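*Asks:* Make a model of the complete structure from these sequences and hints.
Now for the letters of each chain:
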Amino acid sequence: MHISFLNHANGRYFWVAIALVGASIVAYLLQEPHQTPNGGTWLGYTLGTMGALLILWLIYLGRRKRNFAAGWGTVRGWVSAHVYLGTSLLVVATLHTGFQFGINVHTLAYVLMCVVIVSGLFGVWAYRTYPEARNELKRSQTLDDIFLQLEDIDGQLKRDVNALAADIRGVVSSAIDRTEIGGGMYAQLAGVDSSKVMIDGNVYPNTDQVRVVAWLVERLSLAEGSETGKLSAVVRSYGARQKLLQVIRTDIRFQALQEAWLYLHVPLSIALLAALLTHIVSVFIYW
Amino acid sequence: MFEIAVIGAGPGGLSAAARCAELDVDHVLLESSPKIANTIQKYQKGKHVMAEPGILPLRSPIEFDAGKRETILGNWETGIKTVGVNIQYGAEVKAISGSQGNFVISLMNGEEVLARHVILGIGLQGNPRQMGVPGEQSEVVQYTLDDPGEYKDESIAIIGAGDAAIENAIALAANNKVYIVNRKDEFARAKEGNLNLIMAAIDAGTIECYYDSSPAGVEELEGGDFPANLQLKTATGDAIVPLHRIIARLGAIPPRKLVESFGIEFPSEDQNAIPALTSQYESNVTGIYVIGALGGYPLIKQAMNQGYEVVEYILGHDVKPADNDLLAAKFNGLPYEVEVDGVLALMQERIPVFADVNALQFRELMLDSNVSMPAKGDVIFKQHDYTNTFFTILEGTVEIEVNPTLRITANAGSFFGEMSLMSGRRRSASVYAGPQCIVIETPRRSMIKLISSVAAVKRVLDETFIVRTIQQKFAPDTPIEELQPIAARAKMHQFQPKEVIFKEGDEADTLHFIRNGSVTVSIEIDGRDVVMSYVPANTPIGEMALLGNTTRSATVKAAVKTETISLDKESFSLLLERSAGLKERLQAMVKDRHEQNVALQSNSESSDLMSFLMGQGLGEATDVLLIDENICVGCDLCESACAATHDGTSRLNRKAGPTFAHIHVPTSCRHCEDPSCMKDCPPDAIQRGGLGGEVFIGDNCIGCGNCERNCPYGVIQMAYKTEAPSSYWSWMLFGLGQKPGRGKAAVVGESSFKQAVKCDMCKDQSGGPSCVRACPTGAAMRLSPEDFVDLVNVVR
Ligand SMILES: Cc1cc2nc3c(=O)[nH]c(=O)nc-3n(C[C@H](O)[C@H](O)[C@H](O)COP(=O)(O)OP(=O)(O)OC[C@H]3O[C@@H](n4cnc5c(N)ncnc54)[C@H](O)[C@@H]3O)c2cc1C
Ligand code: HEM
Ligand code: HEM
Ligand code: SF4
Ligand code: SF4
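The listed protein sequences derive, respectively, from chains A and B.
Just so it is clear: in the first sequence, position 180 is 180 by my numbering, and no numbers are missing.
Just so it is clear: in the second sequence, position 461 is 1461 by my numbering, and no numbers are missing.
Bear in mind the hints are in silico, worked out from the structure with no lab data behind them.
Remember, predicted model here, so these are calculated numbers, not experimental data.
C-beta: ideal position from N, C-alpha, C; glycine also.
Just to be clear, a hint being listed does not mean it is correct.
Stated by the list, open to error - Restraint ranges, calculated between C-beta atoms of paired labels, are given here:
id : chain 1 : residue 1 : chain 2 : residue 2 : range
1  : B       : Ala1200   : A       : Met185    : 51 to 61 Å
2  : B       : Thr1234   : A       : Arg236    : 45 to 55 Å
3  : B       : Ala1200   : A       : Leu220    : 50 to 60 Å
4  : A       : Ser232    : B       : Asp1212   : 24 to 34 Å
As the list claims (entries may be wrong) - Keeping only pairs whose Cα atoms sit at most 30 Å apart, straight-line, the calculated BS3-like set for lysine-lysine is:
id : chain 1 : residue 1 : chain 2 : residue 2
5  : B       : Lys1047   : B       : Lys1035
6  : B       : Lys1655   : A       : Lys138
7  : A       : Lys158    : B       : Lys1045
8  : A       : Lys158    : B       : Lys1047
9  : B       : Lys1330   : B       : Lys1045
10 : B       : Lys1184   : A       : Lys230
11 : A       : Lys243    : B       : Lys1655
12 : B       : Lys1330   : B       : Lys1382
13 : A       : Lys138    : A       : Lys243
14 : B       : Lys1045   : B       : Lys1152
15 : B       : Lys1233   : A       : Lys158
16 : B       : Lys1473   : B       : Lys1257
17 : B       : Lys1152   : B       : Lys1754
18 : B       : Lys1152   : B       : Lys1094
19 : B       : Lys1561   : B       : Lys1591
20 : B       : Lys1655   : B       : Lys1591
21 : B       : Lys1473   : B       : Lys1591
22 : B       : Lys1047   : B       : Lys1721
*Replies:* See below:
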């Protein structure tokens, strides 16, 4: 139990990949000395074919992981093999090229492959890092739980400020109404916070709720009589609200980071497939 | 004076009255509601009504076949008109006095009806609790809500704070102004999910709540915008709310009290107990007959058949019950030259456990059972099988193989298989047929029902269980007779969840054997209880200290409702004397436990995790889905996989459920040892079986929703069957259709209706649980509680 895709079956596919890489290197070094290493030699063909088949199979993961009725293997095992054998391509394909790079479709395919692999490596890191970080951040609650707490606090605040002066009511409710969460891909990844607040009829940026908290604290110093107690309660609730928003925003950012690489990994895989086909067809034509 | 008064116009009552009409018997049918068959009227609109059990023929003057609720009700209405049933609506019976030949039936409306015989078919639904205030009979007051979509732009008050009230309020709030009237200052009785919904709606202002308030009256208004005013008594004074409609959801009054007031006795306090009846459905009050759901027959067809039969019996006609042919077929091939009734009598005579069961109950038991004649040497069940039926031997013998060296022969009249029946765990022995043997196999549910209503059966089973357990677990080579005196001194105990069985530091004077349920073992470190392990049913506990003659080294608490058998010190020493090798075997076991404890002790986080898991009721689980939040990427492939392999509805809810540290317990079936969902399923559609012992729901589910209500963990849903949509390639390459495993497709088939669905552990998938197999990172795992110790240890 408690086995992640990295140590699936005691790292079986790690060892398979090592064997594959080792065999490729040995064959490359033992290559007949008078032949320039190149995709056109016997070894070149073998490594190239192996590489191409591997790529097809790597892409097939997208299908397998959604083929829920499949009776064979587990997706965890597939991902394990995908990760290790995918990385081994870095060696297998490079040896195939015989280090002959240029400005052509062949090298384009190679570069695309490298980007896909690097993004995959980042993915593995992201999968191992963000879920744990997010779970700790949220103290084992779900994002929905935290949104519910936020809703509670918002409701509470709106009720509490009803009993307070109009300026406080205006500022707090505008800060609540103009709080922005999420946003586009970039905003999520970079953790952009475009929340605003309206004070005295002017709209100010309210990143991380700093502006409104500052205003409230200042206003509290001016408060008198019964207002003081009520307002300091509002300030305290607002502090809690600020914390919740930080958690939510960080979680959304982590989630975006955890998934963003797939937006590179998958489309580039398809591009790689196209470039690879072109490469193979073209070498047969110009042969 | 009527010859026969039939009370309750459900399927049973309708059929009885129709038979009376057909035979020109002077009769009356008394129905409390304004229409026939109130229970069926309350089904969801358009519900497909099933005619279970399929093999049972229908015997009634009125029609019934599987079909739409509306069609069936229509058929019944024309049916009773055609034969000329004398029915009175709005006639709620509140008392019956007198005796056979001269019953006086008093109605709520003050009238009295006289009859020689009474047939009681009032079902189990009970009557909705009324508001009990002036004006409660007003047109604007209703006690049910069929279709919330029917009402728009109305002002509606919901009275009550239970789940039904909340669900109605939420549904109506979409298109109406809704008030909810709560007698208390919180919604204490509601399920977690409903509680969140109602609190959110009240906060958002979509529903207005009157806390600490109760209705004081309903006043109808003439003209104006609103047809009525609801008067409320609130904590801060009186209030008046103008309304279009009042829906009171105050629960139902169960009919047992009423029935007892007629003089009818129930054999036990057990909630599920049914009145004792003769094979002609007559109760202990001569002249009052009980049929249908109230008599323990919870399906429409059964109720209708009984309605027909009971009239025949009252008239003194000799009819065979409709199930006679079924039993005849069952008994076909048995070497007896007698009729069905004869075979039944013979069985009861030969098998002492069944001797005290009344004829009607025994007949029902045999309908559920299977009679077989296995050839000599055939396997009846194997050790470690996950079956839990109960076997009795009618003829011949069987060989029980407890282990390769111990084979016991059981003779005609005795029984076996009671261990798994009681503990809900795997078979502890293999059983082979002997020469010329005939065995009866009875399903667990039927046996449990029997045990809860016939005390004698329970006693016999308990006694046998004790002596067999002692033999199997402690003294395999000692003959039963020698163990009898030890068994006689053994005691049975019942513990509630969290109750202490014994405490660290106590003097060790007894050994407990866990019969069902499970326990946790904990020790005190720095004033805190640190849980060290979990011990499932079918194992001894407390032997450590007894062997060493010391005090208890740990505290043992029941994790869930648990039953144990205890042996005192003297009996234990006697056992040690009589059974060679026992001491050594126990010592080996103790050593293993010590090692386990040391591993856990060093780590208080793992102990907290263990306590958390137990707190989630996982002590009664046999197989549970857990998610390691540290590696779960939230892709929901587990849910998609479940939906894709199970008619479009995921049986697990990943996000729901609590998390401790990073172990998350999603809402998903745990396949409990003693499943609450199985207890009250009319067609017995919930079964347990297969290699994994999974609990699953069959296609004969009638959609009554009992199991959904009975499951304490909320893992059962009522859902339509849908077809999984979309092909992968068209989605991937051209973005066509829906993402595989997501989204609902069209409901399959015309006659589709909501049936209960839950996790079946993917018993029909060749590779095992799809949720686990679809998880790309390995975060989803399925474990049995015995593995928890490893889990909490591996987790750093
Ligand atoms: C949601 C749901 C779905 C179901 N689906 C199916 C199905 O598909 N197939 C199937 O076979 N079974 C189904 N059942 C079970 C079936 O409804 C019952 O087994 C059946 O109705 C029992 O019939 P009965 O005649 O015993 O009692 P009921 O049908 O309960 O009838 C009792 C009648 O007595 C009246 N009554 C009660 N008290 C009094 C009183 N004091 N005075 C006068 N009259 C009174 C009631 O108003 C009612 O009309 C379902 C049950 C539910 C709850
Ligand atoms: C069926 C599979 C393949 C075949 C038959 C094949 C064939 C060849 C041939 C014949 C050459 C030599 C061309 C020349 O000398 O001009 C070559 C070169 C090369 N191949 Fe492949 N190849 C295959 C797969 C791959 C893969 C998977 C990659 C990497 C993604 C790749 C990248 C390259 C590169 C970068 C070169 C060097 C280009 C150059 O010489 O300018 N090939 N390949
Ligand atoms: C040329 C090489 C590769 C190709 C063509 C490729 C292609 C793919 C494809 C098509 C998917 C399916 C994505 C989806 O449908 O959701 C995928 C997923 C993934 N790949 Fe790769 N990949 C390659 C190499 C790698 C490498 C080297 C790694 C890591 C070291 C890697 C890690 C992953 C991971 C972690 C996933 C996600 C699995 C999941 O969430 O189900 N890939 N890849
Ligand atoms: S809803 Fe549940 S209890 Fe009712 S018939 Fe179906 S499986 Fe049985
Ligand atoms: S085991 Fe199968 S049915 Fe059960 S939750 Fe997992 S996928 Fe669903």
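*Asks:* Run the structure past the numbered hints and jot down the numbers of the failing ones, going up.
*Replies:* 1, 2, 3, 7, 8, 9, 16, 18 and 20
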